[in-house]
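Novice: Each chain is listed here by its residues.
2 protein chains.
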Amino acid sequence: MSVVRLEESRERIRTELDNTVNFWLKYSHDTVHGGFFTCIGRDGKVYDELKYVWLQGRQVWMYCRLYRTMDRFRKPEILEAAKAGGAFLRKFARVSGSSGQWKCAFCLTRDGKAVKIQRTIFSECFYIMAMDELSRVTDDKDMQLEAEQMMEQIIYWVRVDSSGLGRPQLPGDFPVNSMAVPMMLLCLVQQLTEGRGQEVFQKYRELGSWCVQQILQHIQRDGTAILENVSLDKTELPGCQGRLQNPGHALEAGWFLLQYSTEWGDEELQRTAIDKFMELPYQCGWDKEHGGLFYFLDVDGHCPTQLEWSMKLWWPHCEALIAFLMAYSQTKKPELLDRFFQVFEYTFSHFPDAKNGEWFGYLTQEGKLALDFKGGPFKGKDIIQMWN
Amino acid sequence: MSVVRLEESRERIRTELDNTVNFWLKYSHDTVHGGFFTCIGRDGKVYDELKYVWLQGRQVWMYCRLYRTMDRFRKPEILEAAKAGGAFLRKFARVSGSSGQWKCAFCLTRDGKAVKIQRTIFSECFYIMAMDELSRVTDDKDMQLEAEQMMEQIIYWVRVDSSGLGRPQLPGDFPVNSMAVPMMLLCLVQQLTEGRGQEVFQKYRELGSWCVQQILQHIQRDGTAILENVSLDKTELPGCQGRLQNPGHALEAGWFLLQYSTEWGDEELQRTAIDKFMELPYQCGWDKEHGGLFYFLDVDGHCPTQLEWSMKLWWPHCEALIAFLMAYSQTKKPELLDRFFQVFEYTFSHFPDAKNGEWFGYLTQEGKLALDFKGGPFKGKDIIQMWN
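Chains as they are written, first to last, in numbering that gives the first Met the number 0: chain A, 0 to 387; chain B, 0 to 387.
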């Protein structure tokens, strides 16, 4: 029974992936200035010509990963589009920040002028993912080197001195271990090292282990909750920041940890990944009344201050699908498959746009469409991992 | 009939104001470190000890304005609380920014350490409003001078060189005339000059006129729309930024313009304030299906990219009430009173919390409570203007 249902799910996912890739192949390519449009309406029309760098990087990465790992996407047009996107990124995304360090812009004009720079590491992370994956399909060693150089820059900001990010040091702004940082770095370690051989593997080995330890520090309240921000000495931070929960992030960290535990044969880490980073966020994050995963929660039940806290976003659901399916495939525990199916039902009955293809990204708590665009400042085609 | 209804409205407003002031007098004072708690839950409990500077400034301003202009609030405890809040602000809110300029922090720890500095002028604006109003009830000339010095700093950032705000100059980040800036400056001009005599009046006269011209440039599309951001040469900007509408801001600008037009006896400006800055945002911003004013809209009907675009916030409704009542009291046109009553009905049936006092601030599009706190990073007691 479950086998049939799993096979049906796979078919559905396959169809959605094809539709989604076709949507972006059809509507997002800028044949004049290069790169990809990222602000694309429900019907495929570009509603803003700004090019958001997170999405540029992810699209290059996704085209390359599809091309490299799935036969039906091994087409010249996908490779060419990835190369063109990579060239645009290399030419325009990097801008010189303070003290001569390289930063990546957050947003570019259509012709590549920097509009905004975030004081975080994430544009740089997606730049690295794009460059590394592109270097794999083009066999371009310079590009691989460039990805690793940007990685060194990020590591320096995170572990040595963050002043190059541009935030002023303030006496009340205590350093925080924010889940997103070790989680993204662990993802990058896995990206950069996969199949690269011993030298690269050794280079990032200690960093991978450090990331895992940093992520595990987010298990708080005697193991009953995953908190999004903790202090550098592993304790809970005061106020809203300390009580914040982001179930989608916790689930995402969960499957990164699960991958890592597999690689290292670490069964305790596997259990922790599933029990703490999948089961806990599911328990607190699933909306028992309307279904779907909340965006933000407060561990003590206060109302989060984020106006969008109760909305249902596409990406936490993607993370949950990947996490539970990966956990099931490793453990064969039926309750994990149940979770997968529950998230699957909600996801596929709410997010896909049957009329125009691709997915909507933002629903109200009740599951009603709240924002109808297919691509925006933070939303692109990010559903690839489900098909790996 | 309308007279009776107006009198009933005034009674309701009076009651709400009393309850709201009592709520903050009871729950927000920090008797240990001074200043006011700003993150206060539905039942009055402090859920985060951070002190947001916009709200600190507004609370000082509000206590002083109530004390100065309304007999029933002329109580020693209100004056003392205002002075204590002002002392906390003076001691902790100012931090030295880049190139030796003073900035105001956006957020402080309970004991006054700076947590965050925004790269905008708004913390400074609320600091000025607090200091000027406090100087009026204490007759403190130094404090008045301090308000004017901070005002000089803001004027320099806005009209001469914005680099002191800390944003890097980027080639794709074109300068923008953002409604909030001339609107807040006009409000400050009115604050600083009211009843101060000829010297101060002359000092800010040209600035006031400049602000009005800057605000009027937001009338776009052949006079059919108020847009939130325009170019410095008075034209529409490309993309989402250019098409953005914020009905609450437009209505707020409307009553600032109306006040200015009265002061100068400018009948054409009075008509523009009402026809363009009240009627247009009402027409586009009122939700015909569920009632209430949208937070953000796109003039071409695209979906805004702000996740909270369709939410109903308390403050645009306060601005609308003030705007339409002021416009009616000047013109006696019945349709303006109808607008006032329509907004009144929605506002008073949705935002007040009958159980614990004060107002909720954030509803879904359908009018359901979305966030239940009474005070948060951006919400304090901001409903004073209605009672003036």
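It should be emphasised that the hints constitute simulated quantities derived from the structure, not laboratory data.
Please note: incorrect hints may appear among the correct ones.
Selected chain A positions facing chain B (Cβ under 10 angstroms, derived; list incomplete) [as the list claims (entries may be wrong)]: (1) Cys106; (2) Thr108; (3) Gln152; (4) Ile154; (5) Val199; (6) Leu206; (7) Ser208; (8) Thr363; (9) Phe372.
Label-pair distances were calculated between CB atoms; the ranges are [what the hints assert, rightly or not]: (10) A:Ser348 x B:Leu368: 23 to 29 angstroms; (11) A:Pro237 x B:Gln100: 29 to 35 angstroms; (12) B:Pro174 x A:Asn355: 58 to 64 angstroms; (13) A:Pro167 x B:Asp160: 15 to 21 angstroms; (14) A:Gly99 x B:Glu79: 22 to 28 angstroms.
Even for Gly, the Cβ is constructed at its ideal location relative to N, Cα and C.
Novice: Confirm or reject each hint.
Specialist: Hints and how they fare:
no. : hint                                    : verdict
1   : Cys106                                  : 8 angstroms, holds
2   : Thr108                                  : 4 angstroms, holds
3   : Gln152                                  : 17 angstroms, violated
4   : Ile154                                  : 23 angstroms, violated
5   : Val199                                  : 34 angstroms, violated
6   : Leu206                                  : 29 angstroms, violated
7   : Ser208                                  : 32 angstroms, violated
8   : Thr363                                  : 6 angstroms, holds
9   : Phe372                                  : 5 angstroms, holds
10  : A:Ser348 x B:Leu368: 23 to 29 angstroms : 26 angstroms, holds
11  : A:Pro237 x B:Gln100: 29 to 35 angstroms : 31 angstroms, holds
12  : B:Pro174 x A:Asn355: 58 to 64 angstroms : 37 angstroms, violated
13  : A:Pro167 x B:Asp160: 15 to 21 angstroms : 19 angstroms, holds
14  : A:Gly99 x B:Glu79: 22 to 28 angstroms   : 53 angstroms, violated
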